[in-house]
Amino acid sequence: MIRTEKLKKKYGRFEVLKDIDINLAQGQVTGLMGPNGSGKSTFLKSILGLVIPDSGKIFVKEKDIKNKFDYRKYIGYMPQTANYPENLKVKELFKIVKDIRTDKKDYDYELYENFRIGETENKFFGQLSGGYKQRVTAAVAFLFDPEILILDEPTSSLDPVSVEILKEKIIKSKTDGKLVLVCSHLVPDVSELADRLVYLLEGKILFDKLIPEIVNGSGGTLGQSIKKIIEKINSDNEC
Amino acid sequence: MSVKILKYIFLELVRSKFILIYTAFLFTFSFAVIYIGHDTAKAVVTLLNISLFVVPLVSLIFGTIHFYNSGEYIQLLLTQPVNRRSIFLAEYFGLSFSLSAAFLAGAGLPLLIYGLSISAALLLFTGVMLTFIFVSLSFLSSVLNKDKVKGIGLSVIIWLVMSLIYDGLILVILFAFSEYPLEKFILILTTLNPVDLSRILILLQLDISALMGFTGALFRDFFGSITGMVTALILLLLWAALPGLAALKVFSKKNF
Amino acid sequence: MSGKDIEVCSECNVKTIREAIDLTEDGDRIIIKKGIYREYDLTADRSVEIVGEAGAELDIDFKGGGITLTKDNSAISGLTVKNMTVSYVKDLSAIRIENSKDCRIYNNFLKNTFFGIYLANSSSVEISGNYIEGNADTETSSGNGIHLWKCGGVKIEGNRISGHRDGVYLEFVDSSSVRNNYSEKNLRYGLHFMYSDNNSYTQNIFRDNGAGVAVMFSEFIEMTENSFIQNRGAASFGLLLKDIKRSVISRNSFSENTNGIYMEGCNDLEMMENEFYSNGWALKIMGSCTDNILIRNNFIDNTFDISSNSSRNTNKYSENYWDKYEGYDLNKDGTGDVPYRPVSFYSMLLEKIPDGVILLRSFMVDLLDFTEKAIPVFIPETLADENPRMQMYDYD
Ligand SMILES: Nc1ncnc2c1ncn2[C@@H]1O[C@H](COP(=O)(O)OP(=O)(O)OP(=O)(O)O)[C@@H](O)[C@H]1O
Ligand SMILES: [Mg+2]
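Chains as they are written, first to last, in the numbering used here: chain A, 18 to 256; chain B, 24 to 279; chain C, 1224 to 1619.
Just chain A, with the same shape it has in the complex (with noise of 0.2 Å):
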């Protein structure tokens, strides 16, 4: 459902992704894993086309997007950093983006209801706590049952009870056949939700494996693993 080819972007003369090459599947959950600053957050905005690449391709559902806006109908986003507009009302943000989305009229509340947005609706987005702008972004990116979604560290400020709603309803989706890319610093989400794993290093894909092959391959947990393999690749690089 989602592919790239030769992704490139930079910023000025810093190169933030390079050729990156990738193809997600539908029904599967991947992880996106990588240092600060690797290019994370970068590559699923230009999926998003909040960031423009200098080149290369990225096809949703087999289209290539480039000039494209509709594709986004597919698409439910939360960012990492939730910079919706300070002075609006929560339920005046939710108002708009259903106002906006002509294409859907059956919205999903899950998130809505079990994050209790309600109580909070009559607040200035701005007013928020961290974790309750989260929950408000979370509920939007899930509102129009999206067949993609995009979570840019989704759990970041979330308390625990908060946590684990939003993974049950990750795995939900996944389970309902979408294609959900999470980008996470966490290891347990990360073993607990993906199926697959991506890592970033310096803008390009350092690997790309499936988890139990990830796991099956060093013994252990996810995160030990995962330093092995990093450490290999280095190691083999320094040959």
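These are calculated hints, taken from the structure and not from any lab test.
Keep in mind the model is a prediction, meaning the values are calculated, not measured.
Each residue gets a CB set at the ideal place from its N, CA and C atoms; glycine is no exception.
Just so you know, not all the hints are guaranteed correct.
[Said to hold, decoys possible] Simulated crosslink set (BS3-like; lysine-lysine; CA at most 30 Å straight-line): (1) A:108 / B:171; (2) B:276 / A:112; (3) A:85 / B:276; (4) B:40 / A:106; (5) C:1408 / C:1465; (6) A:83 / B:272; (7) A:90 / B:169; (8) A:90 / B:27.
[Unchecked claim] On the chain B side, residues computed to face chain C include the following (Cβ under 7 Å): (9) 201; (10) 205; (11) 233.
[Stated by the list, open to error] Some chain C residues well away from chain B (every beta-carbon gap over 12 Å; in silico): (12) 1298; (13) 1314; (14) 1363; (15) 1535; (16) 1599.
Using the hints, position chains B and C with the ligands against chain A.
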């Protein structure tokens, strides 16, 4: 789609109250000027000064601030199936229409109450054109600068150049080359600056006696003709369109 | 003395004006009946009165001039004279009086003239009610509507003159008056005085001429109750004064001229109760002008009130109404408490760079004016009306 976005931009502008303050300011000022002067012709002269001074300044500064403040809003919209161009155009027309409406209500109503003259109508027309032109420039200045302070800085510079420095240069040229016949050259120079062009269009109504003396006759012959009026209109439209299109081009490639 | 009448018409015994003139003696009348007479260069060298009846038309057909009178007590009236030759050598005119006195030229219609009415070396002549219409296109190829040279005691009244070089031209003329004429669309001046002292012009209208009136090298001219309207153009004035002394300009109205009055080399003029309305410059007063007085005038809606090229001033401004005056009148005596300074820095700049007028009402110009007002450097301190009126005068 653009219409819906327009609606939200209007709502946001209303919320910011600035437009209302702007309207109230213009209205109070115009009313006072007309009321004290008892004379629409003289009022038009005073309003001309303030409209050539305030309209570009407000459009530039407020346009820039608005564009930066809309950043979050734009980001929200960009996660939805909305065209970047639609967003940009909606922002542009939403703001330009609001500021124009404020100008028409603020400066136009008092003039209308006291009887509209050709010069007053021209004043209102050029005021609206200048609003569109300087909102366009403000957006260009905004998309060229990531940093809000730099963006506002550039806008202030644009304003200074168009309203003050440009005319200063013309004066210097006139002094330096006073021996040469410069009428045509000066005519072209002034026509190229939308503030000067607007000013002269109105002067041709207000101060025709003084203008008839020198280059004025040239101006009157030119702008009095259909070709001249069409040229003036096209020039003003180009000034509104070109910076806006350049800004749109940058905006289309912008990373959020 | 009453002589005989000689009638001229195509059925009459006398068929041409020339024949008729030949038949007259001093004191006779020639009655020209309706009809077109194709004659030219006629001279009546005796005292005759030539009367054109309705429809009597002398068509010169571009062959020369019209009728010349050379004796005292002559007159021409009611005649149409048209189609004159343009001559660069001779001052050909429709009606001419030479070396005579006590003559009258009235109610004639002169069309396609070169010179209309030409008086040389004559006195006590009345020129009234004539309609003189030229079609001048360049100054060098055109003559004047009414031209006086070395005359005295001439009355020019109620004429309508257009399309000449000067509407009325007076050179070495004295003790004459120009009253109630309408002079428009003349290439150079509506009325022109040269070296002519002790004259007056009153209640005339000068519209859309190269310049309304030019008064040059003359003294004791009384200029009252005239209207100078829409005399606009590159070097255009309502009234141009050059080297004029001891004259009075009062109760005139100057409106919509490029320059209401332009004066240089003038002294001891009294300008009183004039109205300057909607001119580019109400008054341009050059540095060479001294000791003139401007009192009780109205200045309304002019782009510039006063302009000067000099940083010295000996002219006196007092009790004028200036619509641009922004002062106050605390003791309510109708006179502003702070002086009005009618000259702006920008208007002085324009004396050096006239094309700078294109920056009129630009923010930058306002800034310059404001600065000069705050810190006066260039504008003479004395150039001010110490007693500006708060209310406009109503002269009627
Ligand atoms: N708009 C931008 N302009 C310039 N540089 C940028 C911009 N956005 C990101 N970068 C740079 O690009 C690089 C990759 O940023 P990105 O946000 O994609 O990293 P990340 O992998 O998401 O990091 P993190 O784990 O901290 O979220 C960083 O070095 C960042 O500084
Ligand atoms: Mg990131």
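Comparing the hints with the structure gives:
Of the supplied pair hints, the one linking residue 108 (chain A) and residue 171 (chain B) holds, its CA atoms being roughly 29 Å apart against a limit of 30 Å. Of the pairs offered as hints, the one joining residue 276 (chain B) and residue 112 (chain A) holds, with about 28 Å between alpha carbons and a cut-off of 30 Å not exceeded. Proposed proximity of residue 85 (chain A) and residue 276 (chain B) is supported: the alpha carbons are some 13 Å apart, at most 30 Å. For the given pair, residue 40 (chain B) sits about 17 Å from residue 106 (chain A) by alpha-carbon distance, which is consistent with the 30 Å threshold.
Restraint check for residue 1408 (chain C) and residue 1465 (chain C): the C-alpha separation of about 22 Å stays at or below 30 Å, so the hint holds. This hinted pair checks out: residue 83 (chain A) and residue 272 (chain B) have alpha carbons roughly 15 Å apart, not beyond 30 Å. Between residue 90 (chain A) and residue 169 (chain B) the CA atoms are separated by roughly 28 Å; this keeps the pair inside 30 Å, and the hint holds. Taken as a hint, the residue 90 (chain A) and residue 27 (chain B) pair is honoured in the structure, with Cα atoms around 17 Å apart against an allowance of 30 Å.
For residue 201 (chain B), the suggested interface contact is upheld, since its CB lies about 5 Å from the closest CB of chain C, less than 7 Å. Restraint check, residue 205 (chain B) versus chain C: the minimum CB separation of about 6 Å is within 7 Å; hint holds. The criterion of a C-beta within 7 Å of any C-beta in chain C is met by residue 233 (chain B), whose closest approach is roughly 3 Å, and the hint holds. Listed as a non-interface residue, residue 1298 (chain C) keeps its Cβ farther than 12 Å from every Cβ of chain B; the least gap is roughly 42 Å.
No beta-carbon of chain B comes within 12 Å of the beta-carbon of residue 1314 (chain C); the shortest separation is about 32 Å. The claim that residue 1363 (chain C) is not at the interface with chain B holds, since no C-beta of that chain comes within 12 Å of its own (minimum 22 Å). Remark: the non-interface label on residue 1535 (chain C) is consistent with the geometry, its nearest Cβ contact in chain B lying 23 Å away (cut-off 12 Å). With a least beta-carbon separation of about 20 Å from chain B, residue 1599 (chain C) lies farther than 12 Å from that chain, consistent with its non-interface assignment.
Checked against the numbered hints above, the structure breaks none of them.
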